[in-house]
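S.K.: Chains as they are written, first to last, in our numbering: chain A, 239 to 574; chain B, 239 to 574.
Rather than coming from a laboratory, the hints here were simulated on the basis of the structure. Since we're looking at a predicted model, the values are computed, not measured. You can trust all of the hints, since none of them are fake.
All copies of an identical chain are treated as equivalent in the list; a pair is satisfied when it fits inside any one copy or across any two copies.
With a straight-line Cα cutoff of 20 Å, these simulated EDC-like cross-link-like pairs (lysine to aspartate or glutamate) come out: (1) K456 with D315; (2) K556 with D335; (3) K456 with D367; (4) K305 with D315; (5) K456 with D312; (6) K309 with D335.
Number of protein chains: 2
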Amino acid sequence: MGFTHRTMVFSKPVYIQSSGTAVGPKEGAGPLKGSFDYVYDDLWCGEKSWELAERALMKTAINQCLKKRHKSIDTIDLFIAGDLNNQTTVSSYVARDLQLPYIGTYSACATSIEALILGSIWINGLLADHVLTAASSHYGVCEKQFRFPTEFAVQKSESAQLTVTGAGSVLLSKKRSQIQVTEATIGRVIDFGLLDANQLGAAMAPAAAETTVAHLSKTNKHVSDYDLILTGDLSKTGSEIYRKLLREHGHYLSKGYEDCGVMIYGTEQKAFAGGSGAGCSASVVFGHVFNQIIAGELNRVLVIATGALLSSITVNQKQSIPAIAHAIAFERRDFS
Amino acid sequence: MGFTHRTMVFSKPVYIQSSGTAVGPKEGAGPLKGSFDYVYDDLWCGEKSWELAERALMKTAINQCLKKRHKSIDTIDLFIAGDLNNQTTVSSYVARDLQLPYIGTYSACATSIEALILGSIWINGLLADHVLTAASSHYGVCEKQFRFPTEFAVQKSESAQLTVTGAGSVLLSKKRSQIQVTEATIGRVIDFGLLDANQLGAAMAPAAAETTVAHLSKTNKHVSDYDLILTGDLSKTGSEIYRKLLREHGHYLSKGYEDCGVMIYGTEQKAFAGGSGAGCSASVVFGHVFNQIIAGELNRVLVIATGALLSSITVNQKQSIPAIAHAIAFERRDFS
Numbered sequence: 239m240g241f242t243h244r245t246m247v248f249s250k251p252v253y254i255q256s257s258g259t260a261v262g263p264k265e266g267a268g269p270l271k272g273s274f275d276y277v278y279d280d281l282w283c284g285e286k287s288w289e290l291a292e293r294a295l296m297k298t299a300i301n302q303c304l305k306k307r308h309k310s311i312d313t314i315d316l317f318i319a320g321d322l323n324n325q326t327t328v329s330s331y332v333a334r335d336l337q338l339p340y341i342g343t344y345s346a347c348a349t350s351i352e353a354l355i356l357g358s359i360w361i362n363g364l365l366a367d368h369v370l371t372a373a374s375s376h377y378g379v380c381e382k383q384f385r386f387p388t389e390f391a392v393q394k395s396e397s398a399q400l401t402v403t404g405a406g407s408v409l410l411s412k413k414r415s416q417i418q419v420t421e422a423t424i425g426r427v428i429d430f431g432l433l434d435a436n437q438l439g440a441a442m443a444p445a446a447a448e449t450t451v452a453h454l455s456k457t458n459k460h461v462s463d464y465d466l467i468l469t470g471d472l473s474k475t476g477s478e479i480y481r482k483l484l485r486e487h488g489h490y491l492s493k494g495y496e497d498c499g500v501m502i503y504g505t506e507q508k509a510f511a512g513g514s515g516a517g518c519s520a521s522v523v524f525g526h527v528f529n530q531i532i533a534g535e536l537n538r539v540l541v542i543a544t545g546a547l548l549s550s551i552t553v554n555q556k557q558s559i560p561a562i563a564h565a566i567a568f569e570r571r572d573f574s
Numbered sequence: 239m240g241f242t243h244r245t246m247v248f249s250k251p252v253y254i255q256s257s258g259t260a261v262g263p264k265e266g267a268g269p270l271k272g273s274f275d276y277v278y279d280d281l282w283c284g285e286k287s288w289e290l291a292e293r294a295l296m297k298t299a300i301n302q303c304l305k306k307r308h309k310s311i312d313t314i315d316l317f318i319a320g321d322l323n324n325q326t327t328v329s330s331y332v333a334r335d336l337q338l339p340y341i342g343t344y345s346a347c348a349t350s351i352e353a354l355i356l357g358s359i360w361i362n363g364l365l366a367d368h369v370l371t372a373a374s375s376h377y378g379v380c381e382k383q384f385r386f387p388t389e390f391a392v393q394k395s396e397s398a399q400l401t402v403t404g405a406g407s408v409l410l411s412k413k414r415s416q417i418q419v420t421e422a423t424i425g426r427v428i429d430f431g432l433l434d435a436n437q438l439g440a441a442m443a444p445a446a447a448e449t450t451v452a453h454l455s456k457t458n459k460h461v462s463d464y465d466l467i468l469t470g471d472l473s474k475t476g477s478e479i480y481r482k483l484l485r486e487h488g489h490y491l492s493k494g495y496e497d498c499g500v501m502i503y504g505t506e507q508k509a510f511a512g513g514s515g516a517g518c519s520a521s522v523v524f525g526h527v528f529n530q531i532i533a534g535e536l537n538r539v540l541v542i543a544t545g546a547l548l549s550s551i552t553v554n555q556k557q558s559i560p561a562i563a564h565a566i567a568f569e570r571r572d573f574s
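Chain A extracted, bound-state conformation (with noise of 0.2 Å):
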């Protein structure tokens, strides 16, 4: 291990073996559709409530990450999730029905990211052999929980994000795959004092900043050594906050630099400055930006996912919003 600190480089291998995602109706209809493993064709995804319909989300994510290496549940050694639902349940409801000894994480939209750290240090630690790992979000979950009840029909600002329909798996061990998980940074979590919970964009770009660059400070690296480096859901307004940040220290963003939240929707799909969730980094990381890993389109990809560490009752409490984010590497390895 090259670092005792925040920053890790895995000294030994840890990889992907697979990934799955699902997504709901409004994501499956933008312009990454043809990426997901599974669009469902409405919200409840088949179910009574929105918070069943979240936990069918992440159990179909799963079930095509297992599916694409026709691994069964019972060699898995851990699974390790999170979601934004309060005290994280449709992640322990899902371990239930899993059986599988279980990790619950929360970091915000970063837990996706968090979970695969935390599998990625099992592996390299040598201590399973298999991790499975899932994140979700439901725009209904979400609506409810941290907003208004869609019912009450409430404008939103322009700056507001739309919270993703979606899911993301993983499976992760030592075998060697396409996609190596070589280094990760642990985030720190940094508050600008920002109250407008429409404006949580703003709120992570300097948890995103700061964590990049710890991360290519720690690692060496220099934003051009990434193909691609993409951050989690700041969205339009927290993206450009985030380049001049970068900037600031002497890093410059071109084409290379992309938003999952800005991904995620087209312009035309009326989704403000764009998706947020813990949903959003899972389905388009572990499903799109896999994709281009394994067509040979990326080598090497810097993920910063960004969480805004808010409740309802935080924001009500007129609490400033503090946030985090972690950083994960993927380098292409070709094995033919």
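Got chain A sorted already, so can you dock chain B onto it with the hints?
M.R.: For chain B alone, coordinates are given in the frame of chain A:
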């Protein structure tokens, strides 16, 4: 590492360098009063909301922990924490104030031990020199969030548990000390279909038994190999079920068995079936139990922290209550 699956026997040393606890007035008046590092004399902890009071509790536990070893915050590589607030916001705000790299965890009242297991994996894997962990709960936060506003004066049943106002923090490193972390078992989510949130002890007992049996089996140990087997917060009702379930597996618990939820309040304290909450096992284990190990009164302790993975939404939607239990073993070391 002895096992590649859910049970880990740490091959490289992991030691408890220090621990700190802080509790509310009721806990501070109970049978363990001499063991806590800090007792608040009112439930508000000098703050204006229950949520801010819980933040103060967690910070005080951390300060007490660091103070004992004269450790400054900048020698610490990682902070791992969790709590019962929606979106674990208490931990996130404390992480913001500490400015440490942060991993957010959640497994309800088993969070203290989930965080400690993750920290042990970091130290065992030589990924960090010092890891700080913390967990907390607050009576006011939990009553409001999971049950009813206290002003409603809803009657509690005798099987109900009282949320502990308390926090515990641990500092881990590889440096030799009197308490070594030797083994851990990750819990699976068990759900016996119970629907009554006043019967959490009963809902959690099967998970506690499942983890205990798995841990003993994987480590080739018997209950008599430990001076103390300690469950998290099964309380009176759940403890009896746990004893019975272990008997069915051929394990007979005698006087070397206790439950943190039973220990923390005196019978005269009107605490119904006993204490619960992420701060329950944290304040009992990281205070009283560690003190007993250091004093040489206990040599080998197995803690099975228990968590009920419900939310107010899952209860209202009539979902059954899944539960989890994580186990960790401590052994006394004498280097004098």
